[in-house]
Amino acid sequence: MSGSGASAPPNRMLEVRDLVKHYHAAGLFSASAPPVRAVEGVSFDVRRSETLALVGESGCGKSSVGRTILRLQEPTSGSATFEGIDVFSLDRLALRKLRRRMQIVFQDPYSSLNPRMSIGSAVAEGIEIHKLARGAEVRSRVASLLEEVGLDPGYARRYPHEFSGGQRQRIGIARALAVEPSFIVCDEPVSALDVSVQAQVLNLLADLQRERGLSYLFIAHDLAVVRQIAHRVAVMYLGRIVEEGATEALLARPRHPYTVALLSAVPEPDPSRQRSRIVLSGDLPSPSHPPAGCPFHTRCFHPMRNDRCRTERPVLRPVEATTAACHYAESTPAPETLASA
Amino acid sequence: MTAVVDTLRRAWQNPRGRAGALVLAGVALAALLGPPLLPDPVAQPDLLHGVNLPPGLGHPFGTDQLSRDVFARVVSGARVSLAVSVLAMALSITLGAAIGLIAGYWGGTTDIVLMRLVDGALAVPRLFLLLLVLAAWERVPIGVLIVLIGTTGWFATSRLVRGEVLRLREESYIRAAEALGAPRRRIIFRHLLPNTLGLLLVAATLGVGEVILLEAGLSFLGLGIHPPTPSWGGMILEAKEVLVTAPWVGVFPGLAIVITVLSADLLGDALRDSIDMWRA
Amino acid sequence: MSAVLEVENLRISFPDQERHRFYPVDGVSFTLERGRTLALVGESGCGKSLTSLALLRLVPAPGRIEAGSSIRLQDTDVLSLEGEALRHIRGRRIGMIFQDPMTSLNPVFTVGDQISEGVRAHFDVSRSEARERALRLLQEVGMPDPGSRLKTYPHQLSGGMRQRVMIAIALSAEPEILVADEPTTALDVTVQAQILEVLDHLRATRGMAVLLITHDLGIVAGRADRVAVMYAGQIVEEAPTAQLFARPSHPYTQGLFASVPRISGPVSRLIPIGGSVPPPTAWPEGCRFRPRCPKAFEKSELPPPLLPVGADHRMRCWLAEDAPG
Chain C
28 MSGSGASAPP NRMLEVRDLV KHYHAAGLFS ASAPPVRAVE GVSFDVRRSE TLALVGESGC
88 GKSSVGRTIL RLQEPTSGSA TFEGIDVFSL DRLALRKLRR RMQIVFQDPY SSLNPRMSIG
148 SAVAEGIEIH KLARGAEVRS RVASLLEEVG LDPGYARRYP HEFSGGQRQR IGIARALAVE
208 PSFIVCDEPV SALDVSVQAQ VLNLLADLQR ERGLSYLFIA HDLAVVRQIA HRVAVMYLGR
268 IVEEGATEAL LARPRHPYTV ALLSAVPEPD PSRQRSRIVL SGDLPSPSHP PAGCPFHTRC
328 FHPMRNDRCR TERPVLRPVE ATTAACHYAE STPAPETLAS A
Chain A
356 MTAVVDTLRR AWQNPRGRAG ALVLAGVALA ALLGPPLLPD PVAQPDLLHG VNLPPGLGHP
416 FGTDQLSRDV FARVVSGARV SLAVSVLAMA LSITLGAAIG LIAGYWGGTT DIVLMRLVDG
476 ALAVPRLFLL LLVLAAWERV PIGVLIVLIG TTGWFATSRL VRGEVLRLRE ESYIRAAEAL
536 GAPRRRIIFR HLLPNTLGLL LVAATLGVGE VILLEAGLSF LGLGIHPPTP SWGGMILEAK
596 EVLVTAPWVG VFPGLAIVIT VLSADLLGDA LRDSIDMWRA
Chain L
822 MSAVLEVENL RISFPDQERH RFYPVDGVSF TLERGRTLAL VGESGCGKSL TSLALLRLVP
882 APGRIEAGSS IRLQDTDVLS LEGEALRHIR GRRIGMIFQD PMTSLNPVFT VGDQISEGVR
942 AHFDVSRSEA RERALRLLQE VGMPDPGSRL KTYPHQLSGG MRQRVMIAIA LSAEPEILVA
1002 DEPTTALDVT VQAQILEVLD HLRATRGMAV LLITHDLGIV AGRADRVAVM YAGQIVEEAP
1062 TAQLFARPSH PYTQGLFASV PRISGPVSRL IPIGGSVPPP TAWPEGCRFR PRCPKAFEKS
1122 ELPPPLLPVG ADHRMRCWLA EDAPG
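Residue numbers (my numbering), protein chains in the order written: chain C, 28 to 368; chain A, 356 to 635; chain L, 822 to 1146.
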């Protein structure tokens, strides 16, 4: 069901279909090097006021997905429809207008702010680019945005180096909010923060979602963090989604062996609840040379793993409460402990 | 802005940087305020008895073979040398920054083409190029001299700026600006340029020293500043004939060159250290 | 259990802009025992990394270890060693692995060379013998296909493999103590599990004492025998792991627990610790946690010592005086 645009906003705010992104080695003389297949046919929806988490380890392509949807990088193929608009076919002017609706918050608090710009100017940038206000009104908008993210508006004249990592993340969030988006890609926004600061920023993001009706594509590698903020989770491995479902359902009974391994590897801060961990053998295959058949088969511990896994790539299909890409998802061994009390 | 101030302050705390800055400031001040207070550098007041007088009262640097006061000429020459070098260097920096920013940010074919041009230009020795042009053009006006020196000195700077831009391009705040919909122009002027100012400051300071030497050399060969306008290089040229009998005529302008260039280099080094420290 | 390393009242100072000295590590004491893991837990700026560097006398200038500090490696006073004697304990008696294996390995030497070099720095053996040992070490750290890995360069290996190489290098000198400074922070969670398994296995088979420095409470719960929580340059709570998790007593520890997202159990809104970590140049007066503590009271204006809160469980908080038992 695709929406007609501004008049009747569809519930499915973002629809991504078969997104592919390959990186080719730069330079005239590397034409023969195989491309890095960062994203290999990813499809998902994000609904209004909902958080979809994209989870995976390094090299799975999740950050590439985030950046490509916003066209900070051009996709190799596939489509992304945002509020009924085909993002990949827009010209520069229309794209700039769209940028108001879709924003991004970055991972590294230390490089996400221009060191030579006061934070007030940084937050005001979107307002100036899109001419949303002028003169004194810009300043007052900046002040109220800073307040909204929990910072003293008097700090507007200060420079990034005067702030801690957590505060810088808040400034980055204020900057994104300045253009009044309805959708924000959060690219590992708390991974570089200390534990107690993580909690502050996560709470802020949850509050903003409630108050402003925002949707998030929350990119992360930490399942415990994801559990706090995401309604639905999509697990990525080597450029593909291997499992997807509602957060609690997926964590309670994961169906794809990789999800099981990922879950079992998350350290549990409770000595009485130590699970026996599934330790994956081998290393992540290179994204330039993904295995044939199921991408996970080289490290898979499923008791039913066989030749079919080596030759035939499984497709995502509904299995009980989630969707998983595994030939034998029905009989995936359950993790030792269950997710909810 | 505070970052620039911090850089300057750190360079000031460095004793060598401070020395360089103070000497340069002294030379600049003398060049600005000195000439009205000093005897006319061009006048030849006393050809009978005032010729080749050694340094002493009334003539701290002595007089030359045409009885001109050497001190007044050195100070006057400072005006010319500093003016030429600062203006030429400003031209170089602007051109270098512009080309570097464009090549670095646009990338692709633009970058390749521009950088190959720069490579080609760097292959030609600057001095020979200038000699060629100046030898063919008699009595070149100062303005043209400045433009010639300026337009032959931007190549290395453009490479440096381009390198820095390539690095900066990957920073998240540039991505953030793109995500906000910032047009390229804005990214270059609001984000990239301010972050290359440090680099440019260093290149500018070192460039001043380089141009002073260049101009002095050209004037010494008779191709730069022409008499009667005093210039340090020109003064050394004229001092050749009395080198043994009245060495002060050539030594003082020579010292002026050495001290000024050295100070510019010291200051430039201190600025560079200060910027590296900030980066680290 | 036998104590292998005793640290008492460790204080490290640095000069600030006005040449005054400040103390990022301010009176830290702990003991390492053979075959056991002590976890030093804290957030950035608490001084845990500096503490670990001090054990090897690697505190960078202009920092210095203050008089009154004591680090005793069994009967050796580490702080009084010089030259050859100091070089001897580095690596040979205390080994260290760092957080980021990418920058801690030399990119221009093969893995085999770097491990062999470690062996030959501490033992007088031939090149081929050193290579043999290197191979065995790679096997011990669970490196797949160790024979061919000896000839690879660090950039050809993944993060997990590089970390294994680092561990192998640290082990090449056969130390009694292993200091691991955030060894898995830069690694993916599945690789993290692998590396922690390796460390645990080595500790058990070699009987090493392990000092594990981390900010991750999950790792602590699974792998440490004893925990010391650091805040603002001091240890604010220490106890056997099970005790600390069952009864976190210091308000900072309690705050940490309340703010950590859990993978199991009910999901509820995280409760962050208000305020922010004070900079080492300006430790608060009295109890250093007071500005952020929900339980601060008048006595908090006095700096508290470590007080007992239970058997083998101490905390740096005046509230301990009210605790039962």
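There could be a bad hint or two in this list.
[To be verified] With a cut-off of at most 20 Å between alpha-carbon atoms, the simulated EDC-like pairs for lysine to aspartate or glutamate come out as follows:
#1 C:K158 with C:E207
#2 L:K1116 with L:E1106
#3 C:K124 with C:E207
#4 L:K972 with C:D310
#5 C:K158 with A:E525
#6 L:K972 with L:D1002
#7 C:K124 with C:D113
#8 C:K158 with C:D135
#9 C:K124 with A:D474
It is worth saying that the hints were derived from the structure and are not from the lab. Quantities reported herein were computed from a predicted structural model and do not represent experimental measurements.
Notebook entry, point to check: For the pair supplied as a hint, K124 (chain C) and E207 (chain C), is the alpha-carbon distance within the 20 Å limit?
Noted result: This hinted pair holds, its Cα atoms lying about 12 Å apart.
Checklist line | Straight-line alpha-carbon gap K972 (chain L) to D310 (chain C), limit 20 Å | finding: The hint holds at about 18 Å.
Check: Holds or violated: K124 (chain C) with D113 (chain C), Cα cutoff 20 Å?
Finding: holds, 13 Å
Margin query: What's the verdict on K124 (chain C) and D474 (chain A), does the C-alpha distance respect the 20 Å limit or exceed it?
Written below: violated, 40 Å
Check: Is the hinted pair K1116 (chain L) and E1106 (chain L) satisfied, with a Cα-Cα distance of at most 20 Å?
Finding: holds, 16 Å
Next item on the list: Mind checking the alpha carbons of K158 (chain C) and D135 (chain C) for me, to see if they're no more than 20 Å apart?
Entry: violated, 28 Å
Note to self: For K972 (chain L) and D1002 (chain L), compute the direct alpha-carbon distance and say whether it is at most 20 Å.
What the structure shows: Outside the cut-off at roughly 27 Å; violated.
Next item on the list: For the pair supplied as a hint, K158 (chain C) and E525 (chain A), confirm whether the alpha-carbon distance does not exceed 20 Å.
Entry: violated, 26 Å
Next item on the list: Given the hint that K158 (chain C) pairs with E207 (chain C), test it: the Cα-Cα distance must not exceed 20 Å.
Entry: holds, 13 Å
Consistency note: the structure conflicts with the earlier hints numbered 5, 6, 8 and 9.
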